[in-house]
Structures are given as C-alpha cells and as structure tokens.
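Participant: Sequence:
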Amino acid sequence: MSQENETAELKRKRTSVYEIRSVFDKRVKTTNSPDESSNKQVETFQYWLMKAEPNSRIVKGKDVKFSIDDLADMPDGVSQWDGVRNYEARNIMRDKMKVKDKVLFYHSNCKTPGLAGLAEIVKEAYPDYTAFDESHPYYDPKSNKDNPRWFMVDIKFVRKFKRFITLKELQAHKDKLMDMVLLNRGRLSVQPVKKEHYDFILELEIKQ
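UniProt numbering puts the sequence shown at residues 1 to 208.
Be a bit skeptical, because a hint or two may be false.
[Stated by the list, open to error] BS3-like mimics (lysine-lysine), calculated; alpha carbons at most 25 Å apart, straight line:
no., residue 1, residue 2
1, 96, 62
2, 156, 96
3, 111, 65
4, 142, 62
5, 195, 207
6, 142, 96
7, 123, 195
8, 102, 176
9, 142, 174
10, 98, 160
11, 123, 156
12, 207, 174
13, 194, 96
14, 195, 176
15, 62, 156
16, 207, 102
17, 100, 62
[Stated by the list, open to error] Label pairs and their in silico Cβ distance ranges:
no., residue 1, residue 2, range
18, 140, 168, 33 to 39 Å
19, 207, 133, 40 to 46 Å
20, 194, 61, 36 to 42 Å
21, 172, 149, 36 to 42 Å
It should be emphasised that the hints constitute simulated quantities derived from the structure, not laboratory data. These figures come from a predicted structure and were not determined experimentally. All C-beta atoms, glycine included, are put in the ideal place defined by N, C-alpha and C.
I would like the entire structure built from these sequences, with the hints used as guidance.
Facilitator: Given below as structure tokens:
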C-alpha cells in the first residue's frame with residue numbers, strides 16, 4: 001500500500017472512531033435525560049408539612065393533643081400519624097409519602113401557630129385502624145378492615161427548631177414563599193413542600 005493510501009485509510013479509521021463515539025455520547029445523553037428529569041421530580045416532592053394540635057382538646061373523652069414534644073417522648077421518637085380524615089391529605093400519605101421523606105412539624109389550632117421542628121417518614125402508608133374503633137375520636141363507620149378508607153404513616157422525631165417559626169413570620173416572607181401551600185391553602189393538614197421552601201425555612205431558623 002502506498003503512503004498516500006495508508007494516510008487515507010488511517011483518516012477513515014479515525015473518522016469511524018469519532019462517529020462511533022459521537023453516537024455513543026448521544027445515546028448516553030438520551031438515556032440519562034429522563035432519569036435526570038425523574039430525579040428532579042422526586043426531589044421536589046420529598047418534603048412535607050404535617051399539622052398537629054399542641055394544646056389539649058377533648059373529643060369523645062380523649063385528648064387529641066399532639067405536639068412535637070409529645071412526638072419526641074414517644075418510644076424511639078416514633079409515632080403513627082392517625083386521624084387524617086381529608087381525602088386530599090389521605091391521598092398524599094397513601095400514594096406519595098416514602099421512607100426518609102422530610103417533614104416540617106407544624107403546630108396548628110393554637111394561639112400562635114407555626115413550625116416547631118423536623119421529623120422523618122419511617123413507615124409508608126397502611127390502614128388507619130383508629131377509623132374502625134367506635135370509641136375513637138375519629139371513628140368512621142364507612143371504613144372497615146376489608147375496605148379501609150383512611151391510611152396513616154409513621155413518623156420519627158428528628159429535632160426541634162432552634163426557635164419557633166410562627167405563621168406570621170412565614171407570611172412576612174411571602175416573596176420567598178409565594179406559592180407555598182401553607183400560605184395559600186392553610187387548612188390542609190398534610191401538604192407538599194418544595195425543596196426551595198424547605199431550604200429557605202432552615203435558613204430562616206438560624207436568623208434572629
């Protein structure tokens with residue numbers, strides 16, 4: 001083979017290698033793109049806000065009070081989150097909450113509502129058996145073991161905030177929390193929280 005032919009053949013092989021690499025790179029990017037998008041979606045929905053009443057309130061002879069201190073005092077700091085009787089909140093717990101999801105623990109129905117600390121999901125949804133108990137404050141005759149209507153999760157105490165963050169303070173930062181569910185649909189007892197809102201609240205915690 002002449003030197004000119006050898007040079008031409010070498011160029012052809014190099015071009016072929018570059019083309020193969022190019023196709024491979026495109027395939028990698030195409031394959032990874034949906035996963036990257038999926039990861040971002042998971043990240044968006046792995047934070048929640050859950051409301052509980054820190055003050056005593058007697059229903060059917062039982063106190064439904066449950067503060068972040070009550071959670072911390074539970075064995076291993078773990079408690080079932082029962083008594084949810086709103087379909088939207090139920091659907092969030094049943095269909096979306098996963099183990100290790102982060103929770104903002106919110107004190108509601110009290111003189112000064114606000115964020116008290118952090119918790120974590122440690123058990124995914126299972127039937128809320130309190131709905132089957134006629135003596136329980138949140139008994140539901142339409143829910144039964146064969147066809148449970150309501151579900152609960154288990155949460156674990158992580159820590160109390162260094163300072164209590166009031167609802168009023170959160171409202172003062174509406175520029176940063178404009179579309180936070182709490183500030184727009186405040187009555188929902190279990191709510192999704194965007195990661196940027198969660199991160200901002202943790203920054204807010206250390207500000208005096």
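Participant: Starting from the hint 36 to 42 Å, judge whether the C-beta atoms of residue 172 and residue 149 obey it.
Facilitator: holds (39 Å)
Participant: Has the given pair, residue 98 with residue 160, been kept, meaning a C-alpha gap of at most 25 Å?
Facilitator: Judged against 25 Å, a Cα distance of about 22 Å means the pair holds.
Participant: Holds or violated: are the alpha carbons of residue 102 and residue 176 at most 25 Å from each other?
Facilitator: OK: residue 102 and residue 176 at ~20 Å, within 25 Å.
Participant: Given the hinted pair residue 96 and residue 62, is their Cα-Cα distance within 25 Å?
Facilitator: violated (30 Å)
Participant: Verify the proposed pairing of residue 142 with residue 62, using a straight-line Cα cut of 25 Å.
Facilitator: Given that 25 Å is the threshold and the Cα spacing comes to 21 Å, the pair holds.
Participant: Could you tell me whether the CB distance from residue 140 to residue 168 stays inside 33 to 39 Å?
Facilitator: Distance hint for residue 140, residue 168 holds at roughly 34 Å.
Participant: Does the alpha-carbon distance linking residue 195 and residue 207 stay inside the 25 Å limit?
Facilitator: holds (19 Å)
Participant: Has the given pair, residue 207 with residue 174, been kept, meaning a C-alpha gap of at most 25 Å?
Facilitator: Roughly 16 Å separates the two Cα atoms, so the pair holds.
Participant: For residue 123 and residue 195, compute the direct alpha-carbon distance and say whether it is at most 25 Å.
Facilitator: holds (21 Å)
Participant: Starting from residue 194, check that the Cα of residue 96 is at most 25 Å away, please.
Facilitator: The hint holds at about 14 Å.
Participant: Within 25 Å, alpha carbon to alpha carbon, are residue 207 and residue 102?
Facilitator: It holds: about 21 Å lies between the C-alpha atoms, which stays within 25 Å.
Participant: Going straight from one Cα to the other, do residue 142 and residue 96 come out at no more than 25 Å?
Facilitator: holds (24 Å)
Checked against the numbered hints given earlier, this structure breaks hints 1, 9 and 17; the rest are met.
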